[in-house]
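Chains as they are written, first to last, in full-length UniProt numbering: chain A, 1 to 473; chain B, 1 to 200.
The set of hints was computed from the structure by calculation and includes no laboratory data.
Please note that the accuracy of each hint is not assured.
Calculated lysine to any residue pairs in the SDA-like style (CA-CA distance at most 20 Å, straight line) [stated by the list, open to error]:
#: 1; chain 1: A; residue 1: K194; chain 2: B; residue 2: R192
#: 2; chain 1: A; residue 1: K204; chain 2: A; residue 2: V281
#: 3; chain 1: A; residue 1: K398; chain 2: A; residue 2: R329
#: 4; chain 1: A; residue 1: K170; chain 2: B; residue 2: E186
Residues of chain A clear of chain B, computed beta-carbon distances all greater than 10 Å [unchecked claim]:
#: 5; residue: G10
#: 6; residue: E43
#: 7; residue: D141
From the structure, some residues in chain A lie toward chain B, with a derived Cβ separation under 7 Å [said to hold, decoys possible]:
#: 8; residue: E226
#: 9; residue: M271
#: 10; residue: P273
Every residue, glycine too, gets a C-beta built ideally from N, C-alpha and C.
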Amino acid sequence: MGRNPVTWLGSPTFPDAARRALGDTQLRGNLRKATTTIRGKRESVVAELDDWEELRRAGESIKDEVLADLDTQLERLEVAVTERGGVVHWARDADEANRIVLDLVQEEDTDEVVKVKSMATAEIGLNEALADGGVNAIETDLAEVIVQLGDDRPSHILVPAIHRNRAEIKEIFAQMPEPPASDDPRVLAEAARKYLRRKFLSAKVAISGANFGVADTGSIVVVESEGNGRMCLTLPETLITVMGVEKVLPRWQDLEVFLQLLPRSSTAERMNPYTSIWSGVTPGDGPQKFHLVLLDNGRTSTLADEVGRQALRCIRCSACLNVCPVYERTGGQAYGSVYPGPIGAILAPQLAGDLHDEQTASLPYASSLCGACYEVCPVRINIPEVLTHLRAEVVEAKGKRTPEAMAMSAAAWVFGDRKRYEAAQKAGSLTRFLARGGTLSSLPWPGSKWTDTRDAPVVPKESFRSWWRRNRG
Amino acid sequence: MGSARDEILGRIRAVDRPAPPPVPRDYERARHADDPVELLAERISDYRATVYRAAVRELPYRIAERLDGRGRIAVPPDVPGEWRVPGVAWLPDDPPLGVSDMEEVDGVLSGCALAIAETGTIVLDAGPAQGRRVLTLVPDYHLCVVRADQIVVSVPEAIERLDPSGPLTFISGPSATSDIELDRVEGVHGPRTLEVLLVG
Ligand code: SF4
Chain A
1 MGRNPVTWLG SPTFPDAARR ALGDTQLRGN LRKATTTIRG KRESVVAELD
51 DWEELRRAGE SIKDEVLADL DTQLERLEVA VTERGGVVHW ARDADEANRI
101 VLDLVQEEDT DEVVKVKSMA TAEIGLNEAL ADGGVNAIET DLAEVIVQLG
151 DDRPSHILVP AIHRNRAEIK EIFAQMPEPP ASDDPRVLAE AARKYLRRKF
201 LSAKVAISGA NFGVADTGSI VVVESEGNGR MCLTLPETLI TVMGVEKVLP
251 RWQDLEVFLQ LLPRSSTAER MNPYTSIWSG VTPGDGPQKF HLVLLDNGRT
301 STLADEVGRQ ALRCIRCSAC LNVCPVYERT GGQAYGSVYP GPIGAILAPQ
351 LAGDLHDEQT ASLPYASSLC GACYEVCPVR INIPEVLTHL RAEVVEAKGK
401 RTPEAMAMSA AAWVFGDRKR YEAAQKAGSL TRFLARGGTL SSLPWPGSKW
451 TDTRDAPVVP KESFRSWWRR NRG
Chain B
1 MGSARDEILG RIRAVDRPAP PPVPRDYERA RHADDPVELL AERISDYRAT
51 VYRAAVRELP YRIAERLDGR GRIAVPPDVP GEWRVPGVAW LPDDPPLGVS
101 DMEEVDGVLS GCALAIAETG TIVLDAGPAQ GRRVLTLVPD YHLCVVRADQ
151 IVVSVPEAIE RLDPSGPLTF ISGPSATSDI ELDRVEGVHG PRTLEVLLVG
């Protein structure tokens, strides 16, 4: 079994990468603009729902139910999908999943497939594996087209090209058969539409991820904005969906919770433009062959960690990225993984499962533990708690040789100067004194900048520095 | 080594997991709106789709008005006869249109399964007057007829009413992207123009 590709081979450790990213003022400017915009929009659409906290608790609880009962739910999903004409495959790791997909593609006698953006297929390095097998995988999300044609790496779960501005995109699109005439976003989008339309109409096979898989009905759900998902899910004859095992939901009714939580947390909309739901195969409508690949790749070992398993509740909305002061300064690429930001800092090391690796071990330190991520997370993942837990594991894995510098520099560098970092730390612990009944109504600066005033959960009990003093011992 | 399936299920079963906690469903299932039709109209407009209102009697007239000069319009074979007003070059999807035919089409007229007022969402379920998914996807213009009795207020009400056995498409405004500097651009791949006719 090979190395888990969830973290990118040869990536520098987080502090090194962060230091480099901080020198890139273009990147920092783009990121700040993007995250500030999404943060504001998210707050207002969330405030529209009086029952947001109830929805979050329901979302958390449904996901916990799934994790507690994962074997049964997966078996139910398998039965439902099979009954409706789909074929279910199981993959222990990235290599196995890639091999299954490549075989299925080759059976259809084609060397080009269209793809709709999916974290799971990025995690397993599917495009590279297909390329090695002689199959060209064409990404069809506008941002992914930008990343793919720019021979680049994504920097944000939801807006992977957030680090590129319009002039750069025009440059990248110059290689299209009909290059855009200007850098107006409208013109750029039109160029991509033309470029991709031919691909959609000729592709025999499409590959997608899944946001949810409903065990009792066999329904697979894909949430998107651009319509490239609908194209991929409707036009080709064969559809292959790669889904992490934790994406299963017990019952149809559960979608009423997640179809409210996800769009508002993610693109900060009441509803995203398109959601496609299908089960198995529908005669005369859409793909006539459907394959579902259920992927483990480190998820079952994450499940085994009592504290860390809550990371498997994640619905990949990216709200935690947009509120993270560390992410806002470094961008996604510094995390050296397909999963950046706060969720990446707890998920990537667990999926990779190797805390002896310097880069992986540096990820739990990519945070000031300010708690903003926990506050916005629609499924209430206590990210600071998991970070602290993983740091303890890193220390254990590395023994006394852990350099204090690694831990300190990870977050400290990000804030540019030590004073501001320490102020953030102090503010973090101060809030504990202000808290009443476990929640607090406002945070002192700098926490206040990203605090939604209602029901902010209390930040972790100790500051990173005092935690460090206690744990290094 | 056993099969991947057995091994994954085995790994899960080897983990000590607490019994599933009961799911608290104290969120609002049905929400009240004084005027659901008006709310839907407002929310769809927020997505920069265009909404027109029509009394039941005047529907054919309104359809004709919208489609006037739009060219060749694809239509599911089972739309109500009165929707297929004279003066429009209709292309019924029977026998099924090829994808290349569909590219030549200028627009599509369909009904829907239901609409969610609060989120400005139209749901298609491949049922009556909606046709195959591809029909409302490839053409660049989509005119969708929504009857007042098809409108629910909240997402939970919609999920309860929908039948998950067929393919479902939730549509909230025209296709959009914010991938370029977060500037919203309408119309990447789906119909770039979505017009909604609210009847009743
Ligand atoms: S951890 Fe929570 S906030 Fe972050 S992406 Fe996952 S669900 Fe969203």
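query = Okay, which hints does this one fail, numbers in order?
reply = Structure breaks hints 3 and 7.
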